[in-house]
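J.: Please model the complete structure; the sequences and the hints are all you need to start from.
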Amino acid sequence: MKGWKELEIGAITEAGSADSYNTGSWRAFRPRWIEENCIQCLFCWIYCPDSAITVNDGKRGEFDYNHCKGCGICAMECPGKKGKKAIVMEEEGK
Amino acid sequence: MGKRLAVTGNQAIAEAMRQINPDVCAAYPITPSTEVMQRFASFVANGKVDTELVTVESEHSAMSACIGASAAGGRVMTATSSQGLALMWEMLHIASGMRLPVVMTLVNRALSAPINIHGDHSDGMGARDCGWIQLWSENAQEAYDNLIQAIRIAEHDDVRLPAMVCLDGFIISHSIESMEFLSDDLVKEFIGEFKAKNPLLDVNNPVTYGPLVLPDYFMEFKRQQHEAMLNAKDVVLQVAKEFEKVSGRSYGLFEEYRLDDAEIAIVVLNSAAGTFKDVVDEYRDRGIKVGLLKPRLFRPFPYKEVAEALSGAKVIGVLDRADSFGGFGPMYMEIASAMMSNGTNPVMIDRVYGLGGRDFMPEHAAQLIDELKEILDTGKVTLYKDYLGVRE
Ligand code: SF4
Ligand code: SF4
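Protein chains in written order, with this note's numbering: chain A, 1 to 94; chain B, 95 to 486.
Incorrect hints may have been included.
Calculated lysine to any residue pairs in the SDA-like style (CA-CA distance at most 25 Å, straight line) [what the hints assert, rightly or not]:
| id | chain 1 | residue 1 | chain 2 | residue 2 |
| --- | --- | --- | --- | --- |
| 1 | A | 5 | B | 289 |
| 2 | B | 474 | B | 422 |
| 3 | A | 5 | B | 328 |
| 4 | B | 291 | B | 316 |
If you're looking for bench data, these hints aren't it; they were derived computationally from the structure.
T.: Written as structure tokens, this is what we have:
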């Protein structure tokens with residue numbers, strides 16, 4: 001491990017380093033995506049306080065479970081299709 | 095040489111800021127520092143500076159905006175007093191922890207309650223451990239000179255820390271005195287171009303400011319901050335030397351006044367030192383060996399140098415314009431720490447004075463010298479900590 005003389009000043013480090021730090025294990029509830037109810041509005045991507053909704057070519061992709069904290073905001077905001085949610089929260093370990 | 099003008103302390107500070115021409119200023123008005131930003135705002139409005147002035151809704155936001163602007167890569171300044179500094183407290187630590195050379199003027203004022211708008215040092219002393227360099231100023235001239243030097247000190251490669259320049263509320267901020275200004279060109283040349291380090295606006299080299307650092311590395315970053323503070327002491331002296339060349343005014347880590355052969359030493363900060371020097375002269379005329387030490391650099395505190403300067407004293411009276419209720423005043427604790435290591439073992443007493451702008455008069459200074467003389471003759475101390483100028 002580095003000593004104080006070798007460390008960068010003021011902990012100013014490379015950008016996007018949270019990506020390599022796995023924080024998904026904190027989750028107590030797991031969001032599940034039900035693709036057939038998804039209208040591709042990307043609300044979940046906007047509202048997710050982490051970066052746990054992946055988007056490929058402008059389309060919603062799977063959850064990034066290495067970073068999803070299970071807060072449930074995406075499920076709350078998801079309009080879904082015809083009253084059927086495209087995201088549901090399920091207890092981990094069940 | 096520059097112009098000589100009669101100005102208030104706040105005017106002197108605003109003028110220094112105009113000459114420094116920072117990239118960004120974020121501030122919220124508070125007595126007695128309001129006039130600094132009020133005058134500076136008119137410089138912005140009249141196109142006298144290129145500064146982006148951010149008017150915010152609180153001092154917490156002011157310091158937050160300063161931090162953002164500094165991390166983005168700008169030269170950043172602000173000013174505040176009292177409750178304003180107290181509200182910034184959380185962000186003061188963030189500025190120093192991220193090693194951002196923000197420079198702030200602190201026009202010293204008491205902290206509530208009861209509410210009081212006048213000068214004492216509770217605000218600055220309360221921010222002692224926030225990791226900011228602190229330069230203290232006796233008068234408007236020193237405040238102006240310190241602010242210009244603070245830019246160089248804070249931005250120095252071996253330092254990269256925020257710095258605050260303190261001056262006494264109302265006594266200095268609102269009194270008119272005659273002082274000398276440097277020319278705009280000289281100030282510009284003296285401070286030089288700002289060199290941003292790891293600027294957030296450099297999109298080709300993206301960086302993270304303020305990552306989560308857990309027990310495995312946290313202490314190492316704090317140790318770095320202490321080292322930067324230790325480096326600041328030498329930088330303060332280097333910058334002072336260069337400043338003397340352009341201004342003719344010399345500065346050190348502290349000022350010594352008739353201290354060489356003094357048996358009785360006084361330690362006092364800021365404006366009260368001016369009053370005290372006159373009284374020292376009176377006692378010297380009567381053959382009493384009294385001298386004075388006025389600290390300039392309070393963080394980092396120059397323990398070794400102060401101890402050497404006070405090593406001839408048999409009794410020391412330390413004046414504190416801030417209190418630590420149930421403890422000794424902040425200045426006394428520093429002087430006691432300094433003297434402990436030097437082995438001369440003088441008698442030291444602490445006198446709290448001037449809280450909430452209570453006038454410090456020549457008779458208070460005389461009262462303290464008389465008491466110290468009594469201690470010198472009898473060796474008896476009644477109270478190590480007491481109050482000067484309070485009604486029983
Ligand atoms: S549960 Fe929370 S963290 Fe996880 S994807 Fe949804 S909004 Fe993001
Ligand atoms: S909020 Fe729901 S419907 Fe909209 S993209 Fe996300 S999962 Fe699909």
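J.: To test your reading of the hints: which numbers does this structure violate?
T.: When the structure is compared with the hints, none of them turns out to be violated.
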